[in-house]
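Novice: Here is what each chain is made of, one letter per residue.
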Amino acid sequence: MKPELGVCYYPEHWPEAMWAEDAARMVETGISWVRIGEFAWSRMEPAPGDLQLDWLDRAIETLGAAGLRVVLGTPTATPPRWMLEKHPDMLAVDAQGKTRKFGSRRHYCFSHPGYVQESVRIARIMGERYGRNPHIAAWQIDNEYGCHDTTVSYGLAALHAFRLWLKDQYGSIDALNEAWGNIFWAMECRDFDQIDLPNLTVTEPNPAHVLAFRRFSSDQVVAYNKAQADVLRALTDAPLLHNYMGRVLDFDHFKVGEDLDIATWDSYPIGFLSDRLEADETHKTAFLQQGDPDMQAFHHDLYRAVGRGRWWVMEQQPGPVNWAPYNPAPLPGMVKLWSLEAVAHGAEVVSYFRWRQAPFAQEQMHAGLLTPNNRPAPALTEAKQTSDALSEIGNVVQTQAQVAILFDYASDWAWSTQPQGAGFDYFRLVFSAYRALRRAGLSVDFVSSTNIPRVGYKFILAPGIATVSDNLERQLVEASDLLILGPRSGAITHDFQIPRARPGLSGLNCDVDLVETLPPNIRRSVEGGGAAQHWIDRVSGAASNLLTFADGTPALLGENRLWYLAGFPDDKLWDRVVEMAARKTEVTLYPMLKGLRRRETATHVFLINYNAQPVAWNGDVVDACDVAVTQKDAPEEE
Amino acid sequence: MKPELGVCYYPEHWPEAMWAEDAARMVETGISWVRIGEFAWSRMEPAPGDLQLDWLDRAIETLGAAGLRVVLGTPTATPPRWMLEKHPDMLAVDAQGKTRKFGSRRHYCFSHPGYVQESVRIARIMGERYGRNPHIAAWQIDNEYGCHDTTVSYGLAALHAFRLWLKDQYGSIDALNEAWGNIFWAMECRDFDQIDLPNLTVTEPNPAHVLAFRRFSSDQVVAYNKAQADVLRALTDAPLLHNYMGRVLDFDHFKVGEDLDIATWDSYPIGFLSDRLEADETHKTAFLQQGDPDMQAFHHDLYRAVGRGRWWVMEQQPGPVNWAPYNPAPLPGMVKLWSLEAVAHGAEVVSYFRWRQAPFAQEQMHAGLLTPNNRPAPALTEAKQTSDALSEIGNVVQTQAQVAILFDYASDWAWSTQPQGAGFDYFRLVFSAYRALRRAGLSVDFVSSTNIPRVGYKFILAPGIATVSDNLERQLVEASDLLILGPRSGAITHDFQIPRARPGLSGLNCDVDLVETLPPNIRRSVEGGGAAQHWIDRVSGAASNLLTFADGTPALLGENRLWYLAGFPDDKLWDRVVEMAARKTEVTLYPMLKGLRRRETATHVFLINYNAQPVAWNGDVVDACDVAVTQKDAPEEE
Amino acid sequence: MKPELGVCYYPEHWPEAMWAEDAARMVETGISWVRIGEFAWSRMEPAPGDLQLDWLDRAIETLGAAGLRVVLGTPTATPPRWMLEKHPDMLAVDAQGKTRKFGSRRHYCFSHPGYVQESVRIARIMGERYGRNPHIAAWQIDNEYGCHDTTVSYGLAALHAFRLWLKDQYGSIDALNEAWGNIFWAMECRDFDQIDLPNLTVTEPNPAHVLAFRRFSSDQVVAYNKAQADVLRALTDAPLLHNYMGRVLDFDHFKVGEDLDIATWDSYPIGFLSDRLEADETHKTAFLQQGDPDMQAFHHDLYRAVGRGRWWVMEQQPGPVNWAPYNPAPLPGMVKLWSLEAVAHGAEVVSYFRWRQAPFAQEQMHAGLLTPNNRPAPALTEAKQTSDALSEIGNVVQTQAQVAILFDYASDWAWSTQPQGAGFDYFRLVFSAYRALRRAGLSVDFVSSTNIPRVGYKFILAPGIATVSDNLERQLVEASDLLILGPRSGAITHDFQIPRARPGLSGLNCDVDLVETLPPNIRRSVEGGGAAQHWIDRVSGAASNLLTFADGTPALLGENRLWYLAGFPDDKLWDRVVEMAARKTEVTLYPMLKGLRRRETATHVFLINYNAQPVAWNGDVVDACDVAVTQKDAPEEE
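Residue numbers (the numbering used here), protein chains in the order written: chain A, 1 to 638; chain B, 1 to 638; chain C, 1 to 638.
Bound conformation, chain A alone (with noise of 0.2 Å):
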């Protein structure tokens, strides 16, 4: 498939007048997609019932005659001021019980059924006007779930819904108590209407109540993009998708996924530097205007698995955005590197966010491809030029990698709910084994505990992973030649209790003894070089131990294709794992410098350069801030 480019695009924001010539500008730019329509509720129906569609009419007529292809949103995520009338308790509550108010976005509870309804009838009218418009090439369901720490609620409408998730759950409520023991401090229930959520109780809830809590509204988000997905999906035969955001743990993005057709994301490398990544001063400084070398690749990666191979960045960071701590702009190059990586991974459309930078409201300071008063912004020549370098490199079709990591939404629910260090998340630890498996130079798949492929792997990391069953350890051994747990694996219950014998680790007739937490500033070395950090589980047992700490207890124990990393790696002992298991498993690995990463489909391979300079390896030369694409011998597309 010939990867695309698109753009983001507000017809309500602009006069009339400048629509055509709009269109006609981002067919000459290269672009062939135009999402649309996504926050624009108020203008579609200013009053309840008061349906006024025909701009929206005209705006599709105008950009699909241009050429464009039209990705319609649902306008669900922006419900206007009308709708609190009708439902003053469908805005949700914060974890301090204050009620988020209407004046931004995203103000809504995914448990009220009003609002879940108005949601669906809004979608229904859409689908009915524009599912057969030969305009309307796909579908966006909703903006950016969980945005602004939105999938959670504390409110009544959350509650309710909650107490029947548990009766549903548990059947009994003994059940409940046993599952989650709450005899410890006397927290038994004799009804499901005496549990509440699990906010501002005097010290810390009961983990099980946080993480049932968790799955819920994960399950919410879930049911509420079925709703929509269930109506539009009888109305129209065009995709369905939905739009998620970077770094974004609060529900499960496979579950959404499965109902949808592909998943995208909004892929913002400067402003994540400078939000959500945890790096020492002198790796943000060294990519403060190209973004991590890492954050985008595992994005992704990532949502290929969630789109089950089919997925764009719908939003791609075109300059300075308005939202992080501080919003540099990307050096020159890094837009059209951006774009070519994520094509490299496998997206089919690259979209970016936005067409022309709005002169007013919240995101006034967000860089468009066209400034606010029309002039060319930095962004639109690379955007041409990438276009121009997707006609140069053809299809790209996409291959199985040698090596996957397993991805777990609800472990970082477990985790967050209970971290027991300071210093331990499961982002930062998964993203972690990512960057060693990158430094490697290796290409990476995603897989997630209720999809493992039949085709098996080289070997597959599988660390944090909160509740490992039988069965999922079963099918992760059967689908690599190594499987390498740890640490923290295995360590809960899907009602989060310790396991009698942990999984992993009962494999190798092991048992941890304790665990240790540790301070930012300690380490526990490994002989031979490395150390963990954070996290130490205190392993004894039967099993071989393939590394150890300082201390002559074990810091990886193995046995033929099972592992275990007995404490949270830095990236040394990550290197040294990686090599010892691609040595074990006979991976070929290409060692990368600082800022390059490589990626291998079966058509290309792609060096991308983070960094500011040029840089040599392996006899080539990469610009700054470039893409370096070597054709290989192409097989037929899949």
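In short, the hints are calculated from the structure, not lab data. Keep in mind it's a predicted model, so treat the numbers as computed, not measured.
In this list, chains with the same sequence are indistinguishable; a pair is considered to hold if it fits within one copy or across any two.
Dumping the calculated DSSO-like pairs for lysine-lysine here, alpha-carbon to alpha-carbon at most 27 Å:
no.	residue 1	residue 2
1	K572	K284
2	K167	K86
3	K86	K226
4	K167	K101
5	K594	K584
Since the structure of chain A is provided, determine the placement of chains B and C on it from the hints.
Specialist: What follows is chains B and C alone, placed relative to chain A:
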């Protein structure tokens, strides 16, 4: 006019038997003014309507009989407990929705009509009784508006008043929706009653909404002050004044000042260094017991503008205070230094806070001229020394400075609403400009956008002025040989939109391509020295580059009498800009040493040494913590 | 008395079939005490009035039959869920006005009359059933008063009780207004019903108001505890006790202790190092897996005073805990070290928390003597070793120390209400004094202001005692050869006013001219070595300067048997003061090495090595993490 000394006194805190002795001791110390009454409402009116003013009659008589002139305060900053029973909804509400309870001070919402009436009532009662009293030589209305973050309230009284204010400002809800760009995120309202206060939204509210609310909140302070000023004006010929607090920018002091005769402010140099000054540890350590060498002068110059030439220090720190994170004592000499510095900048009166340290309640650790048990505190001696020095100095006559800074409260509201980078702050920016002028030995005036003198300045700096109308730009150009705008000057319209054409820059035929904000550790070097930090306007266009960033983009653009600074300068860059401007406009600079400052009036030159060591400058030696005063040929007093 | 071991056990968490084996294994380990019951209310009374105590009968019988003595806890720290339906307003309210919900523990307000009655009711039921049970050898009332910041509540129950308490304290509202100085800022009330709780005020409330509320809140804990103690006292002859938590100062432990027979406390050395100790990173790293070398001893000595000689460790950390920011494991030997150190300080019993790690709920990551799946955790072995060591050591007899520190809970309430400088904290101050005595190898007693032994001390330190009555000063002088007051001792009256004449200082014919507080990087050097930090009392008057600051002002003043320290000493200055005092009062010092501590009893000398390395001292070598015990000529047991 010969400067005088004053003191703040609370007869209601002490046995009546002490009053006469206190008054005599004040006079002995060289004090001629005494402020009383501003927190005494519960003694003036212990129960609703039960006026008990005999004690106040006697206090005024006793003080006046000793030869003191009295500033009488209206007690409206501290409504008594019974007021809450009459007006339970008069309390302000914080941004988190919590009512700010009785039990300290400033516990009222400026928008509460009932409390406004009560304030006018007590002001009228006092005006009627004391308006013609020969000892009452000035009136203070309320106390430190805005202190403790009290300008803004998020309660119902504010909400109702805000809606009326909006209707008055915008006429129709459609005009408001258009002005604010409410179409963005479907925030459009159909009625003013649908507008809420801009707090507790899911993510940030529309900055136009916030800025309107900030303007409204400032206007409520102005209206509240005017209500009391109007009633007193009819009952007295004595001047009306208010005591502003340092670095409080939440309301427009210029507008409040228009209804008063004298501006006064409360100067706590050591408290401010600890509490409200961004500076590195070296600087804070060097001036720990002296205060920042520019902070007081900045406010002196600012309030000279607010008072249209007439201003006092109403509360001068005399020793350790109680409210800063750390409260060291002034070095010997500093109380006198601060007092003389105020005089150098034109203070008519410097009044110490307070006569005797209170042995009880919130401020019991706040030093006075006397200790709680009536012994002399260190400041008493320095007050007497100051009085002697003032006799020697004689009349001090002010004159317009050669350079000015445009100061604009609304710019602080705008940029605190949307800083775009965490390091961007309006006060910091203006203060860094002011410091640079002072390092160059210049005396500085402030001007406001509504009051630009026709007599010209050599040059005017207008950094960070949010909104620059064509008219304002013309006035500024006319008032100076050189106008220096930027960074971020004219960047938004009155309604927080990006203007189609940027004032200043459009005059230079330039435009901003994009804006960057930077983390604190990143600076962009300028060729030849200095750098920009925090904020970069990347500008392109026709104007000449007077200074250039290392990457070749312009750092200072200009033509003839208009320059634009394309970044937030560090000290070195400010110094270069000031030198270039001075060279161009033929201003003589007097480069200062660290901690040494110079102030020139029509009659005197003051050299003020904030250092704990003596300094030699230009042939003079100024002692540690001392002021050297040189008499010029004195012109006639104004 | 021969010290013994105990353990905390939760039969309700485990199948009844395990109880007998558990009991036998406890006995094998050398354990003779077992605490049960304190969180089991929902099993004792699953529904209101539905008492289900058979299981508890059987548990007690099983444990007793194995030879264990039982400490039975009243379960009032964890009222069951149904209690909320009877008393919906019993929950406490935090300072932000938020109700602290059910779902963890300690969810009650001490002032709620209904809950007090329920607590008395369940205590009576238990007392009636088990008061004469031969296996019940002690009673614990409630659990860790004040833990999770639960001493203070800002709800209606507290408000109503506070008003009654105030009426009782002050008699008339006029007396209260006068005592608090409410005239300041017009805070005067006309009725006790106008007094509100001192939270959510615009700026800080009157410190007299806060201190009264803190006293009241402490008194409510005392009354709550006494209500249960009174009912149990009539029903049992076994001693009554409570388990206090480390570094909780919110209520007066001495007063609670007066109604009990034994003081016990919960000792978590590694948790406390991470969670509640100010120390630099070097220190925290050196003792990361041992705990601070003085923190446990401090509490041991304090609770020996609270228990008037009788005290236990009720919960001894046996491995990693779950609640600190970071939770490393103790080094080998530490569990034994902590146990023997407690014995050195006079513990009758050292009881481990807990027998077996729970596999569920909030504390599932808290280690026990056994792992959740019933294997021995590392601490089990050390418990047995401790038991063996205790047999060898035999009786340990305590004796009054040569030096004492006056400890006063109300001083913490006062100084946390108004620290004046961000670095000033009562516990830090007292702990720094304690450390200095311990560095000098001294054994230390604590005394309370209401219980000063008539038998004299060589010297007493009384730093930071907020209020020093004439009577207290006289008692202290009589009880010692040398009394050392300051800094800040006697600085306020009972009602938080500055006294006309400062106790201590007036005895020296001195007075405080002013007070300074300093940022953490600033120290004021003392001639000859050492410095003061945080706090400086600038004193002048007749007394001799025993030590002088570099600027010539006094650092230590004194005459005969009374000294005053005019600043918060750093370690070096404390050492000098202790040396001077020891020389004057002829106390022999034993200068210690870092991490090595010495405790002398009537019968033994203990050398306790907190270091991870062996140390040689005075001819002895003490192993890493070990205790060297030397028998003296044993006197008769007391």
